[in-house]
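Those protein sequences? They're chains A and B, same order as listed.
Mapping to this note's numbering: the first sequence position 10 is 10, numbers consecutive.
With positions in the second sequence counted from 1, the corresponding number in this note's numbering is that position plus 1000.
These aren't lab readings, by the way, just hints derived from the structure by calculation.
We put the CB at the ideal spot given by N, CA and C, even for glycine.
Hints are supplied without guarantee of correctness; some may be wrong.
Here are the simulated EDC-like pairs of lysine to aspartate or glutamate, each with C-alpha atoms no more than 20 angstroms apart in a straight line [as the list claims (entries may be wrong)]:
no., chain 1, residue 1, chain 2, residue 2
1, B, LYS1167, A, ASP62
2, A, LYS138, B, ASP1223
3, B, LYS1247, A, ASP62
4, B, LYS1006, A, GLU141
5, B, LYS1274, A, ASP130
If you want the footprint, here are the derived chain B segments under chain A, 3+ residues with CB under 8 angstroms [stated by the list, open to error]:
no., stretch
6, 1016-1023
7, 1033-1040
8, 1232-1244
9, 1273-1279
10, 1282-1289
To give a feel for the contact side, a few chain A residues facing chain B, derived at Cβ under 7 angstroms [to be verified]:
no., residue
11, ASP62
12, GLY63
13, ARG64
14, TYR66
15, SER67
16, ARG70
17, ASP90
18, ARG97
19, VAL98
20, ASP123
21, TYR125
22, GLN126
23, TYR140
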Amino acid sequence: MGDVLNFRDSAPASETPVALAAFLGASNATAVRIEPGEDARALLAHLDRLSLVEVTFPAFGDGRGYSAARILREAGYTGELRASGDVLVDQLLAMRRVGFDTLVPNAPLDPAIVETTLSRFADVYQKAVDGRTPIWAKRYEEA
Amino acid sequence: MYLYDKYDQAMVDARVEEFRDQARRRLAGELTEDQFKPLRLMNGLYLQLHAYMLRVAVPYGTLSGRQMRMLGHIAHKYDKDYGHFTTRQNIQYNWIKLEDAADILADLASVEMHAIQTSGNCIRNISSDQYAGVSADEVTDPRPWAELLRQWSSFHPEFSYLPRKFKIAVIASQEDRAAMRLHDIGLELVKRDGVVGARVFVGGGMGRTPMIAPEIRDFVTEDEIISYVEACLRVYNRYGRRDNKYKARVKILVHELGKDEYRRQVEEEFAHMKTLGLDPPVAELDRIRTYFADPAYETGIADTVDRSDPDFAVWLDQNVAAHKQPGYAIATISLKPVGGIPGDASSDQIKLMADLAERYSLDELRVTHAQNIVLPYVKKADLYALWQELDAAGLAPANLDLITDIIACPGLDYCSLANARSIPVAQKIANRFADIGRQQELGELKLKISGCINACGHHHAGHIGILGVDRKGTENYQLLLGGSGAEDASLGQITGPGFDENGIVDAIETVTNLYLRERSEGERFLDTYRRLGMAPFKEAIYG
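One chain only, chain B, in its complex shape (with noise of 0.2 angstroms):
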């Protein structure tokens, strides 16, 4: 993976001391709220419900064991002893003191982590495949890509006070992981004639009006990619909608447009940039590419797995994919446990994770945007002790992509901008799908919940989405049906009138039976919704 090198270490140490200045300066009084917030937002510092939040930047969501580690002990020295990891490929910590909150980013730093850019009208963290490097499927390794516009997108000068956030994400599998085509910017890295370049997807996103990004252009090279990055955020940031936060984002401004048009002015100011010498040279990326390269892996080792411990072999079958090299697999650590809170692990679990890393996986961890953490090179000889160590924590959930693995956003338990509490409804579903077997049965379901129309839980893009929302003083949840944020995106469509929070668990209920009694053989809960339409799923609902 990356390391920094003296460059990229003084840039993180700079801001440490910079944000200890800023910080300090409102601790005495001499800054108000209203003139440190812009500069904590910058910092991925927010003021929630409670107390201070604050968001660590985990680029293209890879991680070696030391800096896992780092993660947990800042959980526990910190915080109340845990983290939550973010659809972003981030972690946040719930209970932070201002007055802490420099000693944190020096921390990290000496991990070489930080907070740059985790909130803010800024291009956030640059997310990726939490399979890069090692499935069998890929183009090429997303993420050195990643990392040169991480480095290009630190402390931009013209692009750090943009209309609106901007998200970026880079795949290179026809499959997509990271739901690339729900950013501001989606790239796709493909072949043709032997040279990789980029597919660029612009104005996707969700929130109160979700878009799947239309395709801006058909393939851009390495060697061009920075300037026609900064034409498509130069035509956003001049351009972009300022007079109402809802429309701010790119996705407006490409809808209000027209791909066509919006396309021409990107091409037009593209034109001029490629004349102002603005990308690196091949070498760079060439550079960064030597940190991605292959591990040593070991040949000759058994490629076949022990299946005699029946709960090891439904994990097995379940959380484990297929790697690239033979004798290896890619393990997916679930934070999903049946009545806990998606994507938060405590510092105990967090530090393990980072031990079994360091033993198992060749020092690195990936987090997904799904909130799990992934151990990217386990060979297969090991399944059975890490799966018995993760047991023993409370960390060998059998249910990668199942019913229970939901996506949830934090809600109205901590975040200021809910209507409707999203962990209590999560819990209730997975306690009513518990059982495995059902589970199982139900196959693939993604179920995505978001506790306010900002749709950080990503409820447009679940199988089964959840939209908590404030009705009369209550909390109302309404059902979706149909989204997808994979390869084969697609926005889910309301099924009718919201549920309170037992009445939606009844309808999730209603509407996975309709589905077991006329799916088609193969066929995923939302295959069969594509083919059979909404009406039956209403009609078995509010009939």
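The following block holds chain A by itself, in its conformation from the complex (with noise of 0.2 angstroms):
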């Protein structure tokens, strides 16, 4: 595992998460892996007993795991939700707006660059998973 970006209050879990395949045949493991083509709602079954969801992004493009992590935390999940691959910097924020909340990319990215990004946009116009206000609430709020 290469170096993890965490957004927890508690340390990244230190397991290694088995395939979904492995995990859904009666194991009794705590940590997944899915990738881009497996479906999510395969796990919400198991949501009470799992500590660690890692979504993979073999390619960035591939953007099948923001719909994995956002359908996790609507289902109610609060484990740690693990995007790892190729995770660019660009990609931080809407990473984070899904609900992923470590971070484990190829590359090492820069922490002044991953700040700034993250704290650039000031709001966000649509409700997501990140708890954040959209615009359109605000100003309702306002008037």
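Hey, can you piece these two chains together into the complex? The hints should help.
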């Protein structure tokens, strides 16, 4: 495992996640890895025993992992949600918004650029799973 | 029209600074071209054959005079003194230096404009009817819905790395002036029992596998439209093909699953989405609607036009449409002069159109998907003065919807994807049919040219379409007949073997001559083709 960017209050999980098929095959693992073509909803029956879900991004342009992450958070999963692979600085904001809270990029990211990137946009236009209040709600509160 | 509040302005300002930093890192060599590519693409910057091309969003095609003037300023200061209006109601600049790109975005932000998501595999600029708000046949103005969707889609965290680009159009009339069913999602606003909602069509598009979008839902109300569109996108993001970029658009998913199965999956996701509180309150759409309220029309003004100048009368009959308000008219400025480049305008012309909008059209313009400009609020009493100024600037071709009102992509003259040139073919056709009397005799005839199979020139949807291909190293042009992007949407059929640049012009003359001989009273070219079928046209061309 490479360097972990951790946005959780607690330390990232140290266990090695198992593949989805192995996890579903009656294992007692608490950490699982899902690939872009795999259905995150297969995990929904097991969320209470999971402490880590790793979602892989073999190529940054394959955005299926964003849906996987958001689906898990929408279902109430509160454990560690990790994005690994071709994770670039320019995807960080979107990844945080769909619920990833640890990142394991193939190539290390410059911490200064990470910080600038994540603080650049003061507001967001749509509701996601990061608890941020969308602009339309702020307007409504003010009105 | 819509005005940014502090939130909207902060979003585009932050984007400018983000891009300035990215461009700086690229110019300093900290980013490779490969690393920079996805960043510049999300900002509408393409590396083309000769230079960078910058595509600027014109949301649902609506512009103020001040915004239009800025587009002219950018053409003058940063490009070769012209810009190109596109089939998605945007404008492109073909000769941009990377060093200038951030400054251009800052200039745009100063007039509430941007280039966000004008490229990349994300939700693109929302397009609409160029007559929105002023045509008598609409149910409601579709642009508030389009603005709601613009904001929702901007920097959407889940849908920024879709299998392929994603285009949405919103209309509110039965007459479709926006090629709605050739979009990934087309929304047609309709009224049921006094309530406005959207019919939703998913899976239309052109490219190498053209499809007309099937209806996926017959009614979604305004308080659920965001949830519904999110459901459509999520099913696509999860299951759209990513193994082959030519099969990656949502039209292929809808086609391969079948519309009923796609609908079933969307409904299931929609039921879930509705529980998440994703939809803004109706108050938000009402807030946006106030910006699109009718202007203070003058009443009791002249509702007739002096037709005594015969040249003016020709333009009046061809380029001016009926307005919902007595005493007003909708005037289309054709960017299709014979021998010109379809959709191009010089910076002086752009600035003049900005001035004319301020003086004669309540400070508003529209870009049309046919690459023309509309002045939507012209008093009938002002039409003659307007026409004289347009005519003096070469902006008064009286050819709206006629054979020389050609849609053409930039083609091999600019585009790195193209196989053949589009512009010289458009010019040759326009020259052949230059006589306005001959054009009027042919009547409504939508001719559309693409320089490659990606179909940016909408050739599938032309009454006459032309597709440029590369055949053993030489440019070859295939002829298609019978397409339509309007409410009677259909896809053109290829006539047979292609032609060289002169041969295609001859072939068009042949099919239009056949039409003139065979047409029945009141039939357009398209109607005659539909009645007779391909055989007689084929016989006339190849027989």
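Which numbered hints fail
Failing hints: none at all.
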